[in-house]
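Following the hints, position chain B against chain A.
Chains as they are written, first to last, in our numbering: chain A, 3 to 302; chain B, 3 to 118.
No lab work stands behind these hints: they were computed from the structure. In this text the structure is predicted, and so the values were computed from the model without any measurement. In this text, a Cβ means the ideal position worked out from N, Cα and C, and glycines have one as well. Watch out, some of these pointers could steer you wrong.
[Stated by the list, open to error] Chain B regions said to be covered by chain A (calculated; three or more residues, Cβ under 8 angstroms):
1. 5 to 18
2. 44 to 57
3. 64 to 77
4. 101 to 110
[What the hints assert, rightly or not] Derived CB-CB ranges, DEER-like:
5. B:G17 with A:L159: 42 to 48 angstroms
6. A:R47 with B:R90: 38 to 44 angstroms
7. A:V115 with B:A28: 47 to 53 angstroms
8. A:A294 with B:A101: 24 to 30 angstroms
9. A:M3 with B:A101: 45 to 51 angstroms
10. A:A294 with B:W115: 36 to 42 angstroms
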Amino acid sequence: MNIFELSLVLLGISIVAGVLGSLLGLGGGFVIVPFLTLVFHLDIRLAIGTSIVAVAATSSAGAARNVFASITNLRVATFLAMATTLGAVTGALLSGVFDARFLFGLFGIVLGVSGVQMLRKHAAKPEQAAKVAGECRVPAMQSSLAGGTARVTGAGLADRLALHSAYYDEAEGAEVSYVVTHTGLGLALMYLAGTVSGLLGIGSGVLKVPAMDLAMHIPMKVSTATSNLLIGLTAAASAVVYFARGDIDPLVAGPVAIGVLIGATQGSKLLVGIRADRLRVLFVTALLVVAAQMLWKGIG
Amino acid sequence: MLRVGVIASAGVLFGGYVAGVLSDRAVFASHSVEQAHLAGRAVFPHSLAAVWDGIGRGSGEAIIVAGVLLLILTPVAGLLTSLVAFARRRDLVFTAISASVLTVILASFVIGWLTS
Chain A
3 MNIFELSLVL LGISIVAGVL GSLLGLGGGF VIVPFLTLVF HLDIRLAIGT SIVAVAATSS
63 AGAARNVFAS ITNLRVATFL AMATTLGAVT GALLSGVFDA RFLFGLFGIV LGVSGVQMLR
123 KHAAKPEQAA KVAGECRVPA MQSSLAGGTA RVTGAGLADR LALHSAYYDE AEGAEVSYVV
183 THTGLGLALM YLAGTVSGLL GIGSGVLKVP AMDLAMHIPM KVSTATSNLL IGLTAAASAV
243 VYFARGDIDP LVAGPVAIGV LIGATQGSKL LVGIRADRLR VLFVTALLVV AAQMLWKGIG
Chain B
3 MLRVGVIASA GVLFGGYVAG VLSDRAVFAS HSVEQAHLAG RAVFPHSLAA VWDGIGRGSG
63 EAIIVAGVLL LILTPVAGLL TSLVAFARRR DLVFTAISAS VLTVILASFV IGWLTS
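Next comes chain A alone, as it looks inside the complex:
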């Protein structure tokens, strides 16, 4: 195979990764990295560098769509970004300090646990939809910036920052309002997710979505859309360190980036129509795939 043929294959796989990534709030790395390392035996440093680029592409292309914006909670994203970017810098600096295999193994276990937790939530109750008759679609930037009315719910910081909001769920045909809780825990988990991303170059979305879904009680669709925005910032915070180390090869990362941009643009369209519980199952499947990959790497 030559570079040109390799590029075509990379393009194809990256489009798939982009679609899945933008739909699930992940960076697509869980598709790309194993493919690159197992099928093409790409040097792991380059695989991670390429993954960071894929994450940036998934995030930007996914979040660029207007409809996406009305689902994404911009205030929550900006708030959580404080923790996640700090984590990314910490992680990038610490990379090389910890034994990679231990990290992979630990990561795999954490993911496995999150996956099980999310499935239990799926089995317990379907997404509650608050039917509001005759309500118009919530205008995008307006509500994302303003946030919902600050209700005194005992959720503390989330009240004061007006993080609670609502979104129009096309699959339900209704507006779904929600309350954000446990902001402190959310911040801590985001910091951890960012650190993992900085350390391993991958996998922050896969921790962020469960954190928002389970800890902060943010609806599944909003969690994935908001995660999509967050991973781009996390990637930006660690990418330059990887770039300077020479881990981003243009002839590998280039086709991947183009493919992901194409795929992610399409994937975000799917998010609008998909049912939240179906999204959850799809996400958990992806998460368990990543968990298995991580455990495999941990064992060695």
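Coordinates of chain B only, in the frame set by chain A:
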């Protein structure tokens, strides 16, 4: 803003790739070059100076790297847009929050530059 970034980086990435293929077909048609890249033995620009240099020489690879950098900057541009929007609405808390995130990201750029 995000859309601008996506279209711009996609354009530069694609343009760089095409430029590379046109100017250096041998690189793209060679099996040994492919193997070198996969093994991590290939040489390519990984500093701003090298990228600038490369673009000056019309190197497709340097242009692709520039496209990647643009792509990495796109979420940051999006952040800047929301910072301005929060400021316009006089939301001091969220303007400050956005500014702090921006600061951390810029700090990471400095760290990256220092370690190169």
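Does the structure break any of the earlier hints, and which numbers would those be? Violated hint: only 8; rest satisfied.
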